[in-house]
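Student: From first to last, the protein sequence lines stand for chains A and B. The opening residue of the first sequence carries number 1 in our numbering; numbering runs sequentially from there. The opening residue of the second sequence carries number 1 in our numbering; numbering runs sequentially from there.
These are calculated hints, taken from the structure and not from any lab test. All C-beta atoms in this analysis are idealised placements derived from N, C-alpha and C, irrespective of residue type, glycine included. There may be inaccurate statements among the hints.
[Stated by the list, open to error] Straight-line alpha carbon distances no greater than 25 Å define the calculated PhoX-like cross-link-like pairs of lysine-lysine that follow:
| id | chain 1 | residue 1 | chain 2 | residue 2 |
| --- | --- | --- | --- | --- |
| 1 | A | Lys1132 | B | Lys277 |
| 2 | B | Lys261 | A | Lys931 |
| 3 | B | Lys147 | A | Lys55 |
| 4 | A | Lys461 | A | Lys432 |
| 5 | A | Lys91 | A | Lys241 |
| 6 | A | Lys91 | B | Lys261 |
[What the hints assert, rightly or not] What the simulated footprint calls covered on chain A by chain B, stretch by stretch (three residues with Cβ under 8 Å from a Cβ of chain B suffice, anywhere in the stretch; the number is not a length):
| id | stretch |
| --- | --- |
| 7 | 245-257 |
| 8 | 465-474 |
| 9 | 776-790 |
[As the list claims (entries may be wrong)] Here are a few chain A residues that sit away from chain B, every Cβ distance over 10 Å (derived from the structure):
| id | residue |
| --- | --- |
| 10 | Val47 |
| 11 | Gln85 |
| 12 | His406 |
| 13 | Ile615 |
| 14 | Glu976 |
| 15 | Gln1014 |
| 16 | Phe1029 |
| 17 | Pro1073 |
| 18 | Asn1115 |
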Amino acid sequence: MKNIQKSTKTETDQMEAPDNPQNEDEGAKQSKDSKRKANGTASDDGVLRPVKLSKKEMYKAPTVEELSQLKEAETLFHCSILKMQMEEMLKEVALSEHRKKLVDSFVQQVTDYLQCVPETEVVELDDISWLIGVEVPVVFVPPKAKGRFHMEPPASVDLVGSYPLGTCIKPKVCVDLAVTIPASVFHRLDAINQRYPRKRALYLAGLARHLAFAEFVGSLNYSCLHGNRLRPVLLLKPPGKDSSKVTLRIHAIPPPDFLKPGRFHPQKNNIRTEWFTGVANTQQNSSEPPTPYYNSTVLGDLLPLSHLQFLSAISAQCPSFGEGVALLKVWLRQRELDQGAGCFCGFHASMLMAYLLSTHKVGKTMNPYQLLRNAIHFLASTDLTENGITLAKNPDSKAPSLPEFHAAFSVVFVDPSGHLNLLAEMTAFTYKQIQHEASLSLKFWDDPTVEGFQTLLMTPKSILRTYDNVFKLVNLVKLQTSCKKLLLLNELMDHSGDYVLTALPFILSLLQRGLGERIHLLVHSLPQDPEWPVGSAPPKHKDQPPITIGLLLNFERAYSVLERGPPADSPKAAEFRQLWGSLSELRRFQDGGITEAVLWSGNSSSQKRSVPMQIITHLLNLHADIPRSCIIFVGEQLDMVIRLDKTNHTTGEEESLVVIQSYDDLSKKLWKLEGLPLSITSVQGAHQALRYTQVFPPVPVQLDYWFFDRKKGSLGLVPKESKPCPYYITPIKVIVHMEGSGKWPNEPKAISRVKAAFHICLSELLSKQHNLRCLVTPAYLDVWKDGLVFRIQVAYHREPQVLRESLTPVGMLIYRDNAEAQALELETMRKTFLTSTLHGLQQQYGSFGVVCRLAKRWLASQFLLEDIREDAADLLVASLFLHPAPFTTPSSPQVGFLRFLHLLSTFDWKNNPLIVNLGGKLTAAEHTEIKKDFVASRESLPAMFIATPNDKKVSVWTKEAPSVQMLQRAVMLAAESLRVLETQLDSIESQDMRVVFRPPLEAYDVLIHLISKQVPLFSKAVDPTTFTFSRGIFEEKASTSGALPVIGYDPVQLYLSELREAFGDLALFFNDPYGGTVIAVLWKPAAFEPKPFKASLMNARRVEMNGNVATTVPNVEAILQDFRIIGEGLVKSLELRTEKWVV
Amino acid sequence: MKMALSEDQHVCVIPGGFTVLSLRFSEDDAHAALHQLCVKEHRVRSESNTNRPLDRTLFVLNVPPYCSESVITDAFSRFGPIQSVELNEKPGACESSSEASNYFTAKRRQCFRVAYIIFKHPSSVKAAKCHPMNVPLIVSTADRPVKTGIRKWIQQYSDSLINAVSLQQDVDQFMNDYDRCKEEEAERRREEAEQQQEDEEGWVKVTKGKRGVKARPHSEAANERTLQKEEEKKERKELQNFYSWQHRNSQKEHIAELRKKFEEDKQRIAVLRAQRKFRPY
């Protein structure tokens, strides 16, 4: 690889040095060509390299064409790459010529074949005996209808929809074929009482029966258009390997002049109640309810040909129409908005673009990129639920007016004829979702620091990953009863008995009312079009997959346990009581007001997170008769893996708060200490527990003194050999900076002595003035306070500088960076800064800490926490909150966790730095600067590069780890975990979230099983056992009298560090620090190759003689023996996976 | 491999002059796997370290982490009385720092090490080199058991609890020494400075000065600052876009910059295309 590069480079160099000026042009051209080649080879391995242009190439005279191209790129600035990316993507989704040929020939075959449908005898509508082997694609409610039917060859067969318009895109190539039913099949009054749809369905079944004999048809299925069960379609696929390449969708449509559009005014009735219910109407004079939905169904069938004509005329005027629509379709598809009932599909996208063109909101000469931007801008700024738009230039007198449309439908977009509302099926909630997405997209588009292309067009936004809370309605048959409860007979009739679509908008607005300010947005999944073979009966409404409902929470309000209503005497009180039923009570508040209120249960944050769920369950049960068993809440089970207190159901938020309060108190006491030789300049936390991100925050404890030995001189307790390992007490690190002074010595050794003296001094003062027990060591001071241990470390701000100083022989003072200085700086400055910054982030985004903790719990359980360390993991999560594009900041643990896995698994670590703009301090120019520096020195930078405002070039938190291999493994594990977790969350059966927290152990060579009583955090394991050990603590009130506890004693970590020190060259050791009882060992393959004997390479190896040459290999048996010896009393057994290696 | 057979015991010598000995952790485990220690008399071309007399020092490779100096002493005493044992991470010069304090020593890594064993008599080295391989040395004996695992860590923890008073004493002692050292140095400086002064008759004694230290303290940072100031001054004085060629040049630069960016973008796209990053789904 390198050789090739080099040779092309020398070639280039040679070509760049022609002396003859006349040859210059040619030379430059050639060199450019070869340059391109060189660039091509450079990108073969998928790594970006800094671009090097030769001088000549940079400064040659530009052509006019090039100049204009460059100018365009300059004016679009950061969008120039976006434009190029979009063009590339369009190439990917466009249909190839080959594919088009395939489609054309298939369409031709089908068209020819359809022309010769045999005629049948005239039969009653209910008689379907002539349809041998084929079912009718619609379930009709009610089942009986009058009328007569017969088959006849179609009047015409035409291509309609996206394919003839040129807006058809991959991957689901769907070609629409409209088959016009001859007029003789219909009767004048067929539009009433579903006779027309029945005949249409029968005609389609007739076609299906005919096509079943055709050889060129691979598979034959029914489906329905946009979830509307009255509009069945026939799906045809070619046989064999072409089957996935195209789907032909056959629509049966009425003859063009058969029905008068005026009959289908949204306020007219076309289904008689008497006929629908089967009950004779006693009140003769009562007017029939309008059936707008049914009307638009019929109208929709009437118009596809004229719509195609209209769109073709428009697209002929605008050359980039097709590509613009294609981009919009991709945008919609990534947001799951383009399929199912009430969708905004490709047809709507074309119509929208046509509207923008005809109203001159976009120009005819605009490029696809500008068309997309304007379309999204229009969607974001226009509320079609309030101000509908119409394409009709001069509608006839019978056409309904916009207010009439608004009265009948929630979203209004009138077609060119002026009669049909194109978005009749869409709920207001879906449109709000579109608007939300559009305004989000615009925001990210304008932000130069966001990778626009990725966020706009490349990132799929599934409901699970997008919305904070997701729940599912299963067992949809219950919606039938809710229709009754909500008194929706008329609407049910309008929807021809589809109770799911009937009830959905009402249920949603009920929830919207109930959740109110708790949420920003309420969205629902669009019921997908079912697909079933022509030989079987259509699926029933109740067999539909569950409906998913997503909430975008308003974090400030969402989890409040109190719903304060209007004052008792206000007229709104009755409304409030009606909504909440018996839960509404009169309450008196501290401000003196007496109001209606609802109080939800929830003491801990984990319980408060279930408040939206309580509200939903209550409202659905009260108003729609939907029992609790029909509602599945997604993701609350994740809390289990970070649960701390089983009785109070806390998941660590409260415990973190206790730690921080105790720390604040300590900090105050430190500041107030009297009698220190130098004053304190800062007290800063340097521990995860002080920024709410410790997986299991330390909990105050009281000691059982009988459990321990005591060290002489009342220095503290010591673990007993005979007892289980004592409770692990986490030392919480605090850095105390002392003021600078001339008295500080200038030598590292002396500085460490002075620091030790300060520790002693602090300990004396703390115990004297505040009666705190302390333990002094040279490096730190442990303070036992409120049942917690704080580890205070004194720092001197000039110490890293002193470590860097050295004198040259000529006496010049020079500064040279070294590992020691960096480590000290990391510990005393960077870590404290990170801790306070992330603490601030938690104040800003309340769910930051809990997401961090879930993420780290996962990393730990997958043995990755040694590689992607705590600080790096916190930064990764911080980036989810600071740069959520294309999402919004996560407000619940599970959605944050899902996005964490997504980020880890999909980010292009090789070619991009992850920029975490803490505090928003980085400007756009600095972003580019960081990226440029990164590309320029990629090879020497860590595999995972995280840049922050304080650290633009080094990535201090990932410098040591992960290695490329470990990062690759992390990416793989994250992708797999995400996949498994999402299927688990999506399934309606029992969901076991712990699956993704169980590491795969197949890959490892040796497993060292540990004795669980010596594993101090055993009770925190992913799969906790009911069996627990006494660990020498009482779980009651914490007290700090008596001797110091055993602090930070974890035999597993001691064992691991000894193993790594002894055998780090030969093997990797993995473990879950939170209660893992197994240490997984992976041999390093390179170390196992026989090496010639060397005095410097003999550690843990044995000598083998081959003739006269001595080689060494690892002494595996002795090493395994050593695993046991070093871990005596901790190791239970060794499990050797000898399939891959030999002892 | 030369095998000097004597009865059924054999000595294993490998090229490089090392004799392979074996090491067993405890005596009651007869079937346990053995570590191999490679021993050789200590021999270097120029030994500056007087602590390792060439004839009496045995060089040992591959000493397991649980063998401390005392363990080695016990195990090798069978070859003769031992004067001292030195354990290092790597073969070569002496690395043990001469730190007097118990509290301020860096923690030792628990890794495999090399040992330099200095016997009292040269004959012991030969005895060790002739030791048969199938008679292993023992680390942990009933009389002197070696603590590992939980017992060792508890001991370590217990040792880490120290008395503040003795720590204070240690610190005080060091600081006193340090202060005295500093004072002496200051004294010396003053004397040097005095020597540079004119005497009564106006003579100045010029010396080379000790260790080449210049009187004026200067640092790299200060040098750089001065250079930067010069640069800035130059830049301020320069006129931009004054002459027409300058204007032309700046335009050229601008186009070149755009070209570069364009090329960069093109490369980015090519990389992404190669990774099939343009498939939206």
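Student: Each hint: holds or not?
Tutor: The hints, checked one at a time:
1. In summary, the hint linking Lys1132 of chain A to Lys277 of chain B is not supported, as the alpha carbons are separated by about 48 Å, beyond the 25 Å threshold.
2. Between Lys261 of chain B and Lys931 of chain A the CA atoms are separated by roughly 13 Å; this keeps the pair inside 25 Å, and the hint holds.
3. The suggested pairing of Lys147 of chain B with Lys55 of chain A is violated, with an alpha-carbon distance near 70 Å, which exceeds 25 Å.
4. Of the pairs offered as hints, the one joining Lys461 of chain A and Lys432 of chain A holds, with about 16 Å between alpha carbons and a cut-off of 25 Å not exceeded.
5. For the given pair, Lys91 of chain A sits about 23 Å from Lys241 of chain A by alpha-carbon distance, which is consistent with the 25 Å threshold.
6. At most 25 Å may separate the alpha-carbon atoms for a hinted pair to count; Lys91 of chain A and Lys261 of chain B meet this at roughly 23 Å.
7. Residues of the stretch 245-257 of chain A with a Cβ under 8 Å from some Cβ of chain B number 0, which does not satisfy the need for three, so the listed coverage is violated.
8. With a cut-off of 8 Å between beta carbons, the stretch 465-474 of chain A has 0 residues touching chain B; three or more are needed, and the interface restraint is violated.
9. Coverage of a stretch by a chain is defined here by at least three residues with a beta carbon nearer than 8 Å to that chain's beta carbons; for the stretch 776-790 of chain A and chain B the count is 3, and the condition holds.
10. With a least beta-carbon separation of about 7 Å from chain B, Val47 of chain A fails to lie farther than 10 Å from that chain, contradicting its non-interface assignment.
11. Listed as a non-interface residue, Gln85 of chain A fails to keep its Cβ farther than 10 Å from every Cβ of chain B; the least gap is roughly 7 Å.
12. Residue placement check: His406 of chain A keeps its beta carbon more than 10 Å from all beta carbons of chain B (closest about 35 Å).
13. Against the 10 Å criterion, Ile615 of chain A stays outside the reach of chain B, whose nearest CB is about 35 Å from its own CB.
14. At the 10 Å boundary, the C-beta of Glu976 of chain A stays outside the reach of chain B, the nearest C-beta of that chain being 19 Å off.
15. For Gln1014 of chain A, the shortest C-beta to C-beta distance to chain B comes to about 6 Å, within the 10 Å cut-off, and the non-interface label is violated.
16. Distance check for Phe1029 of chain A against chain B: the nearest CB is about 14 Å away, which clears 10 Å, and the non-interface claim stands.
17. At roughly 16 Å, the least C-beta separation between Pro1073 of chain A and chain B is larger than 10 Å, which holds for a residue marked as non-interface.
18. The beta carbon of Asn1115 of chain A is not kept farther than 10 Å from every beta carbon of chain B, the shortest such distance being approximately 6 Å.
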